[in-house]
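Okay, here's what each chain looks like letter by letter:
2 protein chains.
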Amino acid sequence: MSNLKDVAELAGVGVGTVSRVINNQPSVKPKTREKVLAAIKQLNYVPNEIARNFKMQKSNLVALLLPSIWNPFFSELAYYIEDELDREGYKLILCNSGGKPAKELYYFDMLSQNKVAGVLGITYNDIESSLDTEIPIVSIDRHFSKSVPCVTSDNYTGGRIAMRELYKAGVRKPAFLGVVTSVFSETMLRKKGFIDEAESLGLDYIVYEEPDPVMDDLKYFGNFFKVRERREVDGVFAITDLFAAKYIDQAQKYGIRVPQDVKVVGFDGIQDSTLFHPILSTIRQPVEEMARTSVRLLLNQIAGAAVSLETIRIPVQFRPGETT
Amino acid sequence: MSNLKDVAELAGVGVGTVSRVINNQPSVKPKTREKVLAAIKQLNYVPNEIARNFKMQKSNLVALLLPSIWNPFFSELAYYIEDELDREGYKLILCNSGGKPAKELYYFDMLSQNKVAGVLGITYNDIESSLDTEIPIVSIDRHFSKSVPCVTSDNYTGGRIAMRELYKAGVRKPAFLGVVTSVFSETMLRKKGFIDEAESLGLDYIVYEEPDPVMDDLKYFGNFFKVRERREVDGVFAITDLFAAKYIDQAQKYGIRVPQDVKVVGFDGIQDSTLFHPILSTIRQPVEEMARTSVRLLLNQIAGAAVSLETIRIPVQFRPGETT
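Chain order of the listed sequences is A and B.
Counting from 1, one number per residue, gives the positions in the first sequence under the numbering used here.
Counting from 1, one number per residue, gives the positions in the second sequence under the numbering used here.
One or more hints might be untrue.
Claimed, not checked - Taking CB as the label site, the calculated pair distances span:
#1 B:Lys41 / A:Ser182: 33 to 41 Å
#2 A:Gly98 / B:Pro315: 21 to 29 Å
#3 A:Gly98 / B:Ala305: 53 to 61 Å
#4 A:Lys100 / B:Ser273: 34 to 42 Å
#5 A:Gly98 / B:Ile279: 50 to 58 Å
#6 A:Pro101 / B:Arg231: 42 to 50 Å
#7 B:Glu322 / A:Pro213: 43 to 51 Å
#8 A:Leu309 / B:Lys41: 24 to 32 Å
#9 B:Pro315 / A:Lys5: 52 to 60 Å
#10 A:Gln252 / B:Gly202: 26 to 34 Å
#11 B:Glu199 / A:Lys31: 43 to 51 Å
#12 B:Lys41 / A:Lys41: 33 to 41 Å
#13 B:Ile279 / A:Asn223: 21 to 29 Å
#14 A:Asn3 / B:Ala305: 32 to 40 Å
In short, the hints are calculated from the structure, not lab data.
Note that CB positions come from ideal geometry on N, CA and C, so glycine has one too.
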């Protein structure tokens, strides 16, 4: 079987150049690359990563599991994850799991067979019983009891900040609008922060939740507005920006104006322009930093570093808009 | 070297079950799967696709090149492409090329080395000189002169419909707002449709374009509004929804109200809710059908079917909003 040196000799270049061609480095001139590729073909040399994978059982693919890339928060996250992986020579496989455990498990199988080097995941499924320990996985927004590190935004402090900003805007009868998931998610801490801050301010508050996923917005808000005291709140902290926007839309039907009658704060910061209204006052998630931190953590694991079980919580900020 | 039958015997299952485990089919019970995997390990059997790739030089990965997944049109497209690929057992590698040719070329290299089975691409770079013929590529929205099929929406008819809808809304002094790209793109036909329809209606019209990419919106619209006759148009067809929204935002500074003074139609249909305003009147791209058609075309090519050079143009529809 021919080797790197044979290829270099036939192509009339140095071994380093052949290596650069094999590793797809852009610094090789097209003509030189062509000569090298021709020599590789002629000698039937097997240069590519498939051969290397075969021997070394390594992959440069990282799988990203998302409920849906269509969601603007997730597409921003995917953008930065791909960018950070690309810097390190890794490629991103995208999986819209749509909350389907079977589809997610497929990628964990790939991982256990070394077809992917690691998995980054946002999942709301209870798949932990299917996970091996000590495989390279980093979770985003979701705890596992086993040894999976988690990167998330500081949801708890975000909840406190939201309540404090509502208070500063004059709110004295606040409500939290959210959903209940069956599995513990870091996003639940938004509610906890809201409650703790409301209590420390000595305010009465309302918590309104229905089981996730909410299939019928009209029903959710119909139930909410049915009760008089809920129609009389003067401030709303919604678990996501989308919920905040839906509340504002539905509140109009009851003659409730935002921000005149009710101040509203969302969570995420999905609006990336000021072209569409209302521009939500919101707790902005540090999406770019969450993405890059997750990738670095995963690549450290792939490189064999010890896994820290600590959850990394990245600070959030209040971004004022038109709704407070 | 041990074979499938050895594994089946040691695991105490049928050969079909081993095959199902190897092919990651979900129909195998976890306990059975464990037994099979243990047998594979004990016999050092090489079951996975890396080995198969090594022999057959095939991959089940498809690369998707996008300028940026962060863009809502592209993230919707990626969502449906992943869904269609998944149905056929293919996985999606995501590449945000950000308009960088070097990053795109990397994936064409992977393609030529059989590390990916095919490439789906939206690119505005002039990379055709680097393309081999007869490799599985399907382009979206972009023509190549070589044998690359293209799937796109019917941009020309979209332009005509936009102008006709403006006319129906009372517009008599229409303007087209767009950008000029250096390489031919199907999106240029939006302007052509607009012009042809305006002429067939016997209307004078304005075409306003600056080179792509527009780095400074204030300057773009500052230049546009500088000229009096442009401030006096009563209808605007913008090349994208984002452009339409920017026009509406900037026009306010000149006391121009939409839709009272100027009717506006965009192109794309990126707004997927009615929660944020203005809700744009727009030509909706058939994103799901574009995605699924592209995938089917690519998989046909991968399977060895003859490549049709015809551009597939999928019908578009007008979606009324608050701006006409």
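Hint check for lysine 41 of chain B and leucine 309 of chain A - Cβ pair distance inside 24 to 32 Å: 28 Å, holds
Hint check for lysine 5 of chain A and proline 315 of chain B - Cβ pair distance inside 52 to 60 Å: 58 Å, holds
50 to 58 Å as the expected CB spacing between isoleucine 279 of chain B and glycine 98 of chain A, which holds or is violated: 27 Å Cβ-Cβ, so the 50 to 58 Å window is violated.
Could you see if the CB distance from lysine 41 of chain B to serine 182 of chain A stays within 33 to 41 Å? 35 Å Cβ-Cβ, so the 33 to 41 Å window holds.
Quick one: are lysine 41 of chain B and lysine 41 of chain A within 33 to 41 Å, going by C-beta? 36 Å, holds
Indicate whether the distance between the beta carbons of proline 101 of chain A and arginine 231 of chain B respects the range 42 to 50 Å. 57 Å, violated
Could you check the hint for me, namely that asparagine 3 of chain A and alanine 305 of chain B are 32 to 40 Å apart, CB to CB? 38 Å, holds
Could you check the hint for me, namely that glutamine 252 of chain A and glycine 202 of chain B are 26 to 34 Å apart, CB to CB? 43 Å, violated
In this structure, is the beta-carbon distance linking isoleucine 279 of chain B and asparagine 223 of chain A contained in 21 to 29 Å? The hint (21 to 29 Å, Cβ to Cβ) holds, given that isoleucine 279 of chain B and asparagine 223 of chain A are roughly 26 Å apart.
Okay, glutamate 199 of chain B versus lysine 31 of chain A on CB: inside 43 to 51 Å? Hint holds: Cβ distance 49 Å, inside 43 to 51 Å.
For the range 53 to 61 Å, tell me whether the beta carbons of glycine 98 of chain A and alanine 305 of chain B fit it or not. Given a distance of about 30 Å, which is not inside 53 to 61 Å, the answer is violated.
Take the C-beta atom of glycine 98 of chain A and the C-beta atom of proline 315 of chain B, compute their distance, and say whether it sits inside 21 to 29 Å. For glycine 98 of chain A and proline 315 of chain B the Cβ distance comes to about 28 Å; the hint holds.
Comparing the model with each numbered hint stated earlier shows that hints 3, 4, 5, 6, 7, 10 do not hold.
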